[in-house]
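K.L.:
This is what each chain is made of:
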Amino acid sequence: MGKIVVVIFIFMAHLIGDEAHEIIKKLDENFRGKNIYMKLNMKIVSMGHERVMKMQSYSQGTKKSFVKIIYPPKDEGITFLSLDREMWQYVPKIERIIKIPPSMMLQKWMGSDITNDDMVKQSSIVEDYEPKIIKREGSVVTIELTPKENAPVVWGKITLNIDTTTYTSHKDIFYDEEGKEVRYFIYKDVKKVGNYYIPTYWMVQSSDTEGRYTEMILEEVEYDTKISEEYFTKSALKRFSK
Amino acid sequence: MDEESRTTLRLNELGFVFQAYNLIPVLNVEENIGFVMRLRGFSDKEIKQRVLEVATLLEIDNKLKSLPNALSGGQQQRVAVARAVAAKPKIILADEPTANLDSNNSKILMNMMRELNEKEGVSILFA
Amino acid sequence: MYKLILKLAWKNSFLRRSRTLLVIIMIAVSMSMMLAIEGIYDGMVENMVDKNKRSDSGDISIFAKEYRINKDLAYMIKNADEIKAQIENMQGAQAVVLRVKAEGLLSTARKSSFASVVGIDLQEEERFGKFSEFLKEGSIDLQKQGAIVGIELAKTLKVGVGSKVVFSTQDIRGEINSIALYVRAIVQTTNISLDNSAIFIDINQLHKFLGTDSKNAMQIAIRGEDKELYGKLKIAFANLDVKSFLELQPMIKQMQDLMIIFNSVTLLIVMGVVFIGIFGVMYVSILDRVREFGIMISVGMHYKYITIQIFLESIVIGVLGYLSGALLGAVLLTYLEHYGIDLSAFSDALATWGYEAVIYATIKTSYFTTTLGAIMAASIFSVIIPLRKIKKLNPIEVIKAEK
Numbered sequence: 001m002g003k004i005v006v007v008i009f010i011f012m013a014h015l016i017g018d019e020a021h022e023i024i025k026k027l028d029e030n031f032r033g034k035n036i037y038m039k040l041n042m043k044i045v046s047m048g049h050e051r052v053m054k055m056q057s058y059s060q061g062t063k064k065s066f067v068k069i070i071y072p073p074k075d076e077g078i079t080f081l082s083l084d085r086e087m088w089q090y091v092p093k094i095e096r097i098i099k100i101p102p103s104m105m106l107q108k109w110m111g112s113d114i115t116n117d118d119m120v121k122q123s124s125i126v127e128d129y130e131p132k133i134i135k136r137e138g139s140v141v142t143i144e145l146t147p148k149e150n151a152p153v154v155w156g157k158i159t160l161n162i163d164t165t166t167y168t169s170h171k172d173i174f175y176d177e178e179g180k181e182v183r184y185f186i187y188k189d190v191k192k193v194g195n196y197y198i199p200t201y202w203m204v205q206s207s208d209t210e211g212r213y214t215e216m217i218l219e220e221v222e223y224d225t226k227i228s229e230e231y232f233t234k235s236a237l238k239r240f241s242k
Numbered sequence: 001m002d003e004e005s006r007t008t009l010r011l012n013e014l015g016f017v018f019q020a021y022n023l024i025p026v027l028n029v030e031e032n033i034g035f036v037m038r039l040r041g042f043s044d045k046e047i048k049q050r051v052l053e054v055a056t057l058l059e060i061d062n063k064l065k066s067l068p069n070a071l072s073g074g075q076q077q078r079v080a081v082a083r084a085v086a087a088k089p090k091i092i093l094a095d096e097p098t099a100n101l102d103s104n105n106s107k108i109l110m111n112m113m114r115e116l117n118e119k120e121g122v123s124i125l126f127a
Numbered sequence: 001m002y003k004l005i006l007k008l009a010w011k012n013s014f015l016r017r018s019r020t021l022l023v024i025i026m027i028a029v030s031m032s033m034m035l036a037i038e039g040i041y042d043g044m045v046e047n048m049v050d051k052n053k054r055s056d057s058g059d060i061s062i063f064a065k066e067y068r069i070n071k072d073l074a075y076m077i078k079n080a081d082e083i084k085a086q087i088e089n090m091q092g093a094q095a096v097v098l099r100v101k102a103e104g105l106l107s108t109a110r111k112s113s114f115a116s117v118v119g120i121d122l123q124e125e126e127r128f129g130k131f132s133e134f135l136k137e138g139s140i141d142l143q144k145q146g147a148i149v150g151i152e153l154a155k156t157l158k159v160g161v162g163s164k165v166v167f168s169t170q171d172i173r174g175e176i177n178s179i180a181l182y183v184r185a186i187v188q189t190t191n192i193s194l195d196n197s198a199i200f201i202d203i204n205q206l207h208k209f210l211g212t213d214s215k216n217a218m219q220i221a222i223r224g225e226d227k228e229l230y231g232k233l234k235i236a237f238a239n240l241d242v243k244s245f246l247e248l249q250p251m252i253k254q255m256q257d258l259m260i261i262f263n264s265v266t267l268l269i270v271m272g273v274v275f276i277g278i279f280g281v282m283y284v285s286i287l288d289r290v291r292e293f294g295i296m297i298s299v300g301m302h303y304k305y306i307t308i309q310i311f312l313e314s315i316v317i318g319v320l321g322y323l324s325g326a327l328l329g330a331v332l333l334t335y336l337e338h339y340g341i342d343l344s345a346f347s348d349a350l351a352t353w354g355y356e357a358v359i360y361a362t363i364k365t366s367y368f369t370t371t372l373g374a375i376m377a378a379s380i381f382s383v384i385i386p387l388r389k390i391k392k393l394n395p396i397e398v399i400k401a402e403k
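Chains as they are written, first to last, in my numbering: chain F, 1 to 242; chain H, 1 to 127; chain S, 1 to 403.
Isolated chain F (complex conformation) (with noise of 0.2 Å):
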């Protein structure tokens, strides 16, 4: 008797961590389809100041992508490709490509709330934590992600907040090695656009420091177009800058 509710446990404990899975790649499909345009304004907020930039991203999978400032001009024409886990930048006020160094991954991308990393590392939540459910709430599922033994990631767990009626997480909580709260990020406005869900809104904030934010909105977004390989090679980097 005992042997089969063991038995049964580790069944339900199986399809539990299946459904999770389940979810976190249904989600992970939602943000990038098989690839995706988006043209976004973002929004930095720091202690009463505010800044805007807008730009455009292509992405392929989740091992390449492009984006180019469009705005404000001075930055215009600043290009990033990331081709698995390695970045480069071109500015062309200097006509110079730079590689970013390993030094600089974890700087703040073009001074957002959003790390070079986080640009990167865009594949890691599949490849490297382990899903598992933790609360259910109507159709909003809580998923805590715990890194994988030995998986190179600073982040003690992550939580996601899904809606299982779109596959959209609406807030996403960071948390160190201690279990404190590092940084969120808020999503809103989910929208329909072909097959796919994607929320139009996204807000960064570290959770500690008040008053300093970034905003994202999303303000065109195209699924499974077709983009040109061209954009996923250095030399689109200038190219594509003007």
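Take the hints with a grain of salt, since some may be wrong.
Stated by the list, open to error - Calculated cross-link-like contacts (lysine-lysine; reagent style BS3-like; alpha-carbon spacing at most 27 Å):
hint: 1; chain 1: F; residue 1: K157; chain 2: S; residue 2: K158
hint: 2; chain 1: F; residue 1: K157; chain 2: S; residue 2: K111
hint: 3; chain 1: H; residue 1: K65; chain 2: S; residue 2: K11
hint: 4; chain 1: S; residue 1: K101; chain 2: F; residue 2: K99
hint: 5; chain 1: S; residue 1: K7; chain 2: H; residue 2: K65
hint: 6; chain 1: S; residue 1: K3; chain 2: H; residue 2: K45
hint: 7; chain 1: F; residue 1: K99; chain 2: S; residue 2: K208
Stated by the list, open to error - Between beta-carbon pairs, the in silico distance windows are:
hint: 8; chain 1: F; residue 1: E50; chain 2: S; residue 2: P250; range: 45 to 53 Å
hint: 9; chain 1: S; residue 1: Q91; chain 2: F; residue 2: I98; range: 43 to 51 Å
hint: 10; chain 1: S; residue 1: E46; chain 2: H; residue 2: K45; range: 52 to 60 Å
hint: 11; chain 1: S; residue 1: K136; chain 2: F; residue 2: E19; range: 41 to 49 Å
If you're looking for bench data, these hints aren't it; they were derived computationally from the structure.
For clarity, every value in this text was computed on a predicted model and none was experimentally measured.
Ideal placement from N, C-alpha and C gives every residue a C-beta, glycine not left out.
Following the hints, position chains H and S against chain F.
P.N.:
Below, chains H and S alone, put in the same frame as chain F:
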């Protein structure tokens, strides 16, 4: 004569007794009496013998280990005389040796010097 | 004769006992202070030299030619394992270690900092420089992605034993790679660059992570005091960058030079104290004893003996000062050698220079010999002027003059 040879002359031929405060304050009576002998290079044994001899003559043999400032004025002058005599100089020059002594002590010192003159055959020139 | 002069000098030295004692104390105190400061400073520098040698460069380090200018994975010493074996067989080489280094980013959830990862072989490092003595916290162990972090780096990142950190750097293919590391120990090497930015991991782990050939290394560090070894290595490995400890640590060379200047200055100050002290005592003492010298000269004492007597008097004071100073200094130094001096109040400032909060003194016989020389010289010089006073004396005048 240069300073060097004058010093040597004083050392070997002459003895001195001054008016007062003649002695070397950090040396005891025995060492003060033997001082000139030592300068002239007599042996320890010779010095010891001779010092005892003159000290006995001058009746200060019981004060040999005392420091000068523990002696009376008369006794100090006797030590000075003993020092002058000890090395057997040809002449002793005494510059008013009794000037700072009372009449009684003066008399004793003069008597002793006369006795020395007779026993030791040393000439003493008083100033 | 000289016995008499010595006796005169000895007795006269203590004619004014309190004044002489005061001068002796003055000399003793200033001298022992100087010795203590010298010992502490020497101790500080020696400690730094010792720990720098043990934790990093050894007596000699070898790099690939371009490596020190451009710290790139491309500039590794090829077949370093063979070179190591070759050096181990050379005369004068006591211990040899290979190290692999890479610069990158060490991060936690909250913070990240520039860091350089150093791949080491713990057993060999132990033989090379007693690595375990640097331990501040935790236990020395690099198994299973274990890492040992420099104390300042740990403070910067606010990590402790048991924390997980992620190190990212470019591997040999140029890709940015990350590895999770578990902090097992925190070390203080007193080598500023290591304490501020080093994270030690197992050398094979690092080779694997970087994708580098395990035969190669960035650095071959050699312990060996033999002076000829450096020349031999330069010739044997002309195609590599062979550097001696002081070439690699120009700052320590500067500190050693500075120490010589500093010690000379303190020595001069002590000499000055001795000179002024003895001069004062002797000058007054000689003026007081003019009549006495007059008598001595007039009963036939040569001027030269008086000179000797006065020199002896001054030397007696100097020697007594020296002896008490040496004794006091030795006591002070022995204390400081064992218990050290706790400068925690300034430890932040000191730490930036790579010093520890508690500094232990060194004792060298040279401290005592050079001070003896200096004090003797000062004692002798200090009576030259008073002596000239006596030279001018006319004995008869002096005796006549006053009562």
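K.L.:
Each of the hints needs a verdict: does it hold here or not?
P.N.:
Hints versus structure:
Note on K157 of chain F and K158 of chain S: the hinted pairing holds, with a Cα-Cα distance of about 18 Å set against a maximum of 27 Å. A hinted pair counts as satisfied when its Cα atoms are at most 27 Å apart, and K157 of chain F with K111 of chain S qualifies at roughly 16 Å. At roughly 15 Å between alpha-carbon atoms, K65 of chain H and K11 of chain S fall within 27 Å of each other, so this suggested pair holds. Between the alpha carbons of K101 of chain S and K99 of chain F the distance comes to roughly 21 Å, so the proposed pair stays at or under 27 Å and holds.
For the suggested pair K7 of chain S and K65 of chain H, the alpha carbons sit about 15 Å apart, so the restraint of at most 27 Å is met. With a C-alpha separation of about 15 Å, the suggested pairing of K3 of chain S with K45 of chain H holds against the 27 Å cut-off. Straight-line distance between C-alpha atoms of K99 of chain F and K208 of chain S comes to about 23 Å, which keeps the hinted pair within the 27 Å bound. Take E50 of chain F and P250 of chain S: their Cβ atoms lie about 49 Å apart, and the range 45 to 53 Å holds.
For the hinted restraint 43 to 51 Å between Q91 of chain S and I98 of chain F, the CB-CB distance of approximately 50 Å keeps it satisfied. About 59 Å separates the C-beta atoms of E46 of chain S and K45 of chain H, a value consistent with the hinted range of 52 to 60 Å. For K136 of chain S paired with E19 of chain F, a C-beta distance near 46 Å keeps the hint of 41 to 49 Å intact.
Of the numbered hints stated above, none is contradicted by the structure.
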